[in-house]
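Colleague: Take a look at the letters that make up each chain.
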Amino acid sequence: MTPARGTGGPRAVRIAAGQGFWGDWLEAPYRQVTGGPIDYLMMDYLAEVTMSILQKQKSRDPSLGYAKDFVPLMERILPTVVERGIKVTANAGGVNPQACAQAVADVARRLKLGGRLRIGVVTGDDLLGRLDGLLARGHELRNLDTGRPLSDVRDRVLAANAYLGAWPVVDALRRGADVVITGRVTDTGLTLAPMIHAFDWRPDAWDLLAAGTVAGHTIECGAQCSGGNCLVDWERIPDLANVGYPIVEARPDGTFEIAKHPGTGGRISVAGVTEQLVYEMGDPAAYITPDCIADFTTIRLEQSGKDRVRVSGVRGKPATDKLKVSVAYFYGYKAVGTLVYAWPDAYKKARAADRVLRQRLERLGLEFEAIHTELLGADATHGRLALEQLVVDDLPEVQLRIGVRSPHLPAVERFTREIAPLILNGPPSVTGFAGGRPKPEEIVAYWPALLDKGMVEPCVELVEV
Amino acid sequence: MKRRASKRRVRLAQLAHARSGDKGDTANVGLIALKPEYYTTLVKQVTAARVARHFKGMIRGPVERFELPNLHALNFLLHGALDGGGTISLKTDAQGKVFSTALLRLEVELPR
Chain W
1 MTPARGTGGP
11 RAVRIAAGQG
21 FWGDWLEAPY
31 RQVTGGPIDY
41 LMMDYLAEVT
51 MSILQKQKSR
61 DPSLGYAKDF
71 VPLMERILPT
81 VVERGIKVTA
91 NAGGVNPQAC
101 AQAVADVARR
111 LKLGGRLRIG
121 VVTGDDLLGR
131 LDGLLARGHE
141 LRNLDTGRPL
151 SDVRDRVLAA
161 NAYLGAWPVV
171 DALRRGADVV
181 ITGRVTDTGL
191 TLAPMIHAFD
201 WRPDAWDLLA
211 AGTVAGHTIE
221 CGAQCSGGNC
231 LVDWERIPDL
241 ANVGYPIVEA
251 RPDGTFEIAK
261 HPGTGGRISV
271 AGVTEQLVYE
281 MGDPAAYITP
291 DCIADFTTIR
301 LEQSGKDRVR
311 VSGVRGKPAT
321 DKLKVSVAYF
331 YGYKAVGTLV
341 YAWPDAYKKA
351 RAADRVLRQR
361 LERLGLEFEA
371 IHTELLGADA
381 THGRLALEQL
391 VVDDLPEVQL
401 RIGVRSPHLP
411 AVERFTREIA
421 PLILNGPPSV
431 TGFAGGRPKP
441 EEIVAYWPAL
451 LDKGMVEPCV
461 ELVEV
Chain X
466 MKRRASKRRV
476 RLAQLAHARS
486 GDKGDTANVG
496 LIALKPEYYT
506 TLVKQVTAAR
516 VARHFKGMIR
526 GPVERFELPN
536 LHALNFLLHG
546 ALDGGGTISL
556 KTDAQGKVFS
566 TALLRLEVEL
576 PR
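Chains W and X, in that order, give the protein sequences. Residue numbering for the first sequence follows our numbering, beginning at 1 and increasing consecutively. Residue numbering for the second sequence follows our numbering, beginning at 466 and increasing consecutively.
Since the hints were made in silico from the structure, they are not lab data. Please note that the accuracy of each hint is not assured.
[As the list claims (entries may be wrong)] List time: in silico DSS-like cross-link candidates among lysine-lysine, alpha-carbon distance up to 27 Å:
(1) W:K322 <-> X:K488
(2) W:K324 <-> X:K500
(3) W:K317 <-> X:K500
(4) W:K324 <-> X:K562
(5) X:K500 <-> W:K453
(6) W:K439 <-> X:K509
(7) X:K488 <-> W:K348
(8) W:K306 <-> X:K500
(9) X:K472 <-> X:K562
(10) W:K68 <-> W:K439
(11) X:K521 <-> W:K56
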């Protein structure tokens, strides 16, 4: 454990971010547990769509439905984690936290860690089996964006999960869990829970809970606050190959510092931390979580040392009586095809090919909800804003990228067969079809809603290894 | 000799940096002053209406603006920016990651 900084003052707790999403850098958690002292390792795995993919895997095999990568990753770090007494919080459990915990327990036994590890399992977020009961009792789960009731798409629902907050994770930690594996717990809750546990914060200490929530938001995307994807002065950010993932050094009074292990690359600056604070921000005065409402307009930042930013002043308000619910439902099909056109007139040729293709689709009588064309190298990311400042005649090449979306699979399938013919029967100087015919993809869409808190009961179990 | 204009136009990229992300079909752009003294210029000139005009034809819904004077930052919500958003969207930038730099193309006026 980390020694107290200074004398007599309360001890800081060091919470390290190991994964910002499922698919993040596999080296990061290992480097966090071995690169210097930490007390907690926090790993965020779940995006909205992830739950539906996991639900599908579980329906095929009841022993699946969690982030499978988490298990070999834990195998690699568990010996260090146990030896150093580091605790882990991770929402890798997906829609099957028990199976995930069992898989980690099996690995721990293989590593001869029996008797030295207690795994906490947090469930209760999964509402899929309870949906009809909830709807019947008048919980309409209206879409937060469109206002439509969930009954509109009920027959196409693939997953439904309430976002749990920090408290069930705190419960697991209080009962001695070394590793806490959860289902849909908020990203911020995974960082806030260790602070509540370490400092014994009360459930109505809104400013403190808001501070911990801001800490969680700052590190939940991993290196995105320590030099990754940072626009300010980006060319001079040192050694991204060796980037250090962020560590929160939290104090009982709710102030904290963002730091990283010595000798790592990247940069922790006020500008970079600010970029992360505004990332995916809605109303900054009301950042709503299950635990509190954090007011981001009260945050004070200062550079307190090299690669060290101090955060203070955070104010919070009482939590609402609702939980956010994320429903995943089947929406339809899509496919995206690409071709590359070369100089001269690359831009014009790609535009012409788009026109030809659209005429053919129309004559085939195919109906799409949307046809979307982009010319990569010209307007794909900045649209007409880019074209206004570009001499398109000189472009050395342009990638034509056309996507279609439809409720009907046959229309999308036929579209995928209309790309290749353009190589021989469309505009000239075309290449880049090596990838073959595009594949139609199922679209699983996301339906955000609110549910009364009283309808959801988090559950904490312990697995002794 | 012609008198020089009292104002010069610069791109926002010279005064601010930005990061953007998504929430459903809405893109958010956090715009941050590179120096605290630039913040007033951002507040005065980068209005919700101005940003809506900048992205005209590229987004379907309204633009909302929030102020974070403590961080010398503005947060914009661009509604209907992502062709349905997330998995539905056919856009390369389905998650609105580079609306940030698209906003930095906007021009503002500075005194000479």
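Colleague: Would you pick out the hints that fail for this structure and give their numbers low to high?
Modeller: Hints 2, 3, 5, 6, 7, 9 and 11 are the ones this structure does not satisfy, whereas the remaining hints hold.
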